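J.: If you want the building blocks of each chain, they are given just below.
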Amino acid sequence: MSGRGDDNHKVLDVRGLCTRFFTSAGVARAVDEVALSLQRGKTLGLVGESGCGKSVTALSIMRLVPDPPGRITSGEILLDGQDLASLSEKRMREIRGREVAMIFQEPMTSLNPVFTIGNQLIEAIRVHEDLSKSQARRLALEMLERVGIPNPAERLSNYPHQLSGGQQQRVMIAMAISLNPRLLIADEPTTALDVTVQAQILKLLDELRREFSIGILFITHDMAVIAQTADDVAVMYAGRIVETADVFSLFKAPRHPYTRLLFESIPTEKARGSRLRTIKGTVPPLTHLPRGCNFQKRCPLAIERCIEEDPTLREIAGGHLSACHRAEEVEELMR
Amino acid sequence: MTSNGTVVEVRGLKKHYPVRQGVFSRVAGSVRAVDGVSFSIARGRTFGLVGESGCGKTTCARAALRLVEPTEGDIFINGTNILSLSGKHLRRARRGFQIIFQDPYASLNPRMTVGAIIGEGLKVHRMASRRERRRRVTELLERVGLSAGAAGRYPHEFSGGQRQRIGIARALALSPAFLVCDEPVSALDVSISAQIINLLKDLQEETQMSYLFISHDLNLVEYICDEVAVMYLGRIVEQAHAEVIYERAMHPYTRALLAANPLPDPEKRREKILLGGAVPNPASPPQGCHFHPRCDAADEACRLQYPKLVEIGGGHLVACHMVDQKSKTSQ
Ligand SMILES: Nc1ncnc2c1ncn2[C@@H]1O[C@H](COP(=O)(O)OP(=O)(O)OP(=O)(O)O)[C@@H](O)[C@H]1O
Ligand SMILES: [Mg+2]
Numbered sequence: 001m002s003g004r005g006d007d008n009h010k011v012l013d014v015r016g017l018c019t020r021f022f023t024s025a026g027v028a029r030a031v032d033e034v035a036l037s038l039q040r041g042k043t044l045g046l047v048g049e050s051g052c053g054k055s056v057t058a059l060s061i062m063r064l065v066p067d068p069p070g071r072i073t074s075g076e077i078l079l080d081g082q083d084l085a086s087l088s089e090k091r092m093r094e095i096r097g098r099e100v101a102m103i104f105q106e107p108m109t110s111l112n113p114v115f116t117i118g119n120q121l122i123e124a125i126r127v128h129e130d131l132s133k134s135q136a137r138r139l140a141l142e143m144l145e146r147v148g149i150p151n152p153a154e155r156l157s158n159y160p161h162q163l164s165g166g167q168q169q170r171v172m173i174a175m176a177i178s179l180n181p182r183l184l185i186a187d188e189p190t191t192a193l194d195v196t197v198q199a200q201i202l203k204l205l206d207e208l209r210r211e212f213s214i215g216i217l218f219i220t221h222d223m224a225v226i227a228q229t230a231d232d233v234a235v236m237y238a239g240r241i242v243e244t245a246d247v248f249s250l251f252k253a254p255r256h257p258y259t260r261l262l263f264e265s266i267p268t269e270k271a272r273g274s275r276l277r278t279i280k281g282t283v284p285p286l287t288h289l290p291r292g293c294n295f296q297k298r299c300p301l302a303i304e305r306c307i308e309e310d311p312t313l314r315e316i317a318g319g320h321l322s323a324c325h326r327a328e329e330v331e332e333l334m335r
Numbered sequence: 001m002t003s004n005g006t007v008v009e010v011r012g013l014k015k016h017y018p019v020r021q022g023v024f025s026r027v028a029g030s031v032r033a034v035d036g037v038s039f040s041i042a043r044g045r046t047f048g049l050v051g052e053s054g055c056g057k058t059t060c061a062r063a064a065l066r067l068v069e070p071t072e073g074d075i076f077i078n079g080t081n082i083l084s085l086s087g088k089h090l091r092r093a094r095r096g097f098q099i100i101f102q103d104p105y106a107s108l109n110p111r112m113t114v115g116a117i118i119g120e121g122l123k124v125h126r127m128a129s130r131r132e133r134r135r136r137v138t139e140l141l142e143r144v145g146l147s148a149g150a151a152g153r154y155p156h157e158f159s160g161g162q163r164q165r166i167g168i169a170r171a172l173a174l175s176p177a178f179l180v181c182d183e184p185v186s187a188l189d190v191s192i193s194a195q196i197i198n199l200l201k202d203l204q205e206e207t208q209m210s211y212l213f214i215s216h217d218l219n220l221v222e223y224i225c226d227e228v229a230v231m232y233l234g235r236i237v238e239q240a241h242a243e244v245i246y247e248r249a250m251h252p253y254t255r256a257l258l259a260a261n262p263l264p265d266p267e268k269r270r271e272k273i274l275l276g277g278a279v280p281n282p283a284s285p286p287q288g289c290h291f292h293p294r295c296d297a298a299d300e301a302c303r304l305q306y307p308k309l310v311e312i313g314g315g316h317l318v319a320c321h322m323v324d325q326k327s328k329t330s331q
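Respectively, the protein sequence lines represent chains A and B.
Note that the numbering used here has the first sequence beginning at 1, numbered continuously upward.
Note that the numbering used here has the second sequence beginning at 1, numbered continuously upward.
These aren't lab readings, by the way, just hints derived from the structure by calculation.
As the structure is a computational prediction, the values presented were derived from the model and not from experiment.
Each hint should be verified, as a subset may be incorrect.
[Said to hold, decoys possible] Each computed EDC-like pair below joins lysine to aspartate or glutamate, with the alpha-carbon atoms no more than 20 Å apart:
| no. | chain 1 | residue 1 | chain 2 | residue 2 |
| --- | --- | --- | --- | --- |
| 1 | B | Lys-268 | A | Glu-329 |
| 2 | B | Lys-268 | A | Asp-246 |
| 3 | A | Lys-10 | A | Glu-332 |
| 4 | B | Lys-268 | A | Glu-207 |
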């Protein structure tokens, strides 16, 4: 397959992506000048609080933003160099499922309750691959086995509700990887699962990533899950990427006040006995974002410049980017 | 309150639900949602209940408050067995224990103003005149970090975090000694959740309320609880001081839970010892130790008999044949 040979190859390179929702309350800047880059066989974590635009970013990459009220208004979405943003819907349909696959928090919402698992898996394969029914069935069995479903042959004739949440998610993963996509977008894939099942699914995704050199865009609001799974991390706030770095640098020395405060608001054993740090105020409505920095009203480091001037994402140290005018001072001032 | 400061004491609590089957809905068995749970909580302390979904945490909490009628057991709150009460005595006692929920919205009447919701308990218990009630509502709103103006508005006008504050204010209105917090921050973002957790801690410091704290977030439980019990299929399998559970857990299930728990630190990534399988159907739990089909250490005894919950020292309780054998041979 093209573009999979070299290790530093960017599977996904998103540049200046803007997605807007045109609503009665105004124009919501759900995704604003977003840049993301994901290498072949790596996991990029996209993290942020509810409503910051993680899912809309994912839907934009898949070109599945509901229109109306939403629309990608600018930007490039390069998948192995090919700009998805400018493809026809017909061409996009070929790419979805085959080259880019997606899994969600609630597997039940993507599985059809009235068809058997086998039916859905085999159909999903045959939409894209010119295979006979029995060939597709064989592939489906192989995939179910690979994702750790016991008695796969029996499972093919089961309906989705007959499986546990963890098994449903495994089926979704089998479906997603059966056509060997280069990019897998996982939007909160373990949020609805218990910790032990979550650990199983995370391990499975990690193995598949290595085995098939799939790039994974892993979306979550859970910092602990990010810490355990991502190679690189992008932190999103009010539609923007505010910081991005490799996972170790980000957790060791966050360079954006928002990231820093997020870390300190997580309860841990270290914080026992002391109060948790909180972030004052709330996220501004995406229809009425302020001039300057979106985080200014809640930021303990805000200065005049933050009200005047929109901070752009810039490199602070090798590969560590922050969209804060005072990025260099964060470590010292927020100790 | 008894002399040792125990506010809540639950003994042998059971809640079994009949399972009906077939066209005639015959009772075919029962789900032992809670099957013999005992614990006590001292004044000003927080007792955590953890375990995977369906293990009986919420049923246990609801039964402990008589929001569902327990099948068996005793529940003493401030020395009174609330299972022996009925009618007006039970209603009176109810002031002393309250609950806050995971989904504050579902628990707030959308057609009532926030002021009416918070003041309802005072009204029902005829504990204050109208004027006093209004004053108390204002006081409570301010205490939970909302403005007095919130009283005239409706629940849908508030964010998730604010709704949880309303739920807390309502619970506080009757100055309870015992508060059950059932996944109180699971639906909230981290930054908002931190505000609610701080609020709960502050309130406990001020009023010395006892908390029964239910959460699937093991990091949060470690942060907030004094004592922790781990439940599996309706029973407590291990219980100890929080530090002991997190540092010296003995039960294989507790260990597996902790091993699966992600820590917010990439330096602490570990090759995980993964627990296979999933929680069995509670309507037909495995014979013997309920955990044995998922346990690497299980032997014959585990397949035959449910292990007793025994103390292995310092208030550390474990229900495991293997641990029991080890502690016996080392004595
Ligand atoms: N169909 C839609 N119409 C209007 N606005 C929308 C629509 N879908 C999303 N939005 C808005 O876009 C913004 C980003 O939403 P998004 O779902 O991407 O957040 P998220 O980061 O995925 O949050 P969560 O963690 O809750 O899943 C929100 O303000 C949301 O209200
Ligand atoms: Mg989302």
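J.: Lys-268/B and Asp-246/A: Cα distance at most 20 Å?
T.: It holds: about 15 Å lies between the C-alpha atoms, which stays within 20 Å.
J.: Hinted pair, alpha-carbon criterion (20 Å max): Lys-10/A, Glu-332/A. Please report holds or violated.
T.: violated, 34 Å
J.: Sort out whether Glu-329/A lies within 20 Å of Lys-268/B, counting only the CA atoms.
T.: Distance of about 27 Å is beyond 20 Å: violated.
J.: Would the pair Lys-268/B and Glu-207/A pass a check requiring their Cα atoms to be no farther apart than 20 Å?
T.: Status holds; Cα separation ~19 Å.
Going through the hint list in order, the structure does not satisfy hints 1 and 3.
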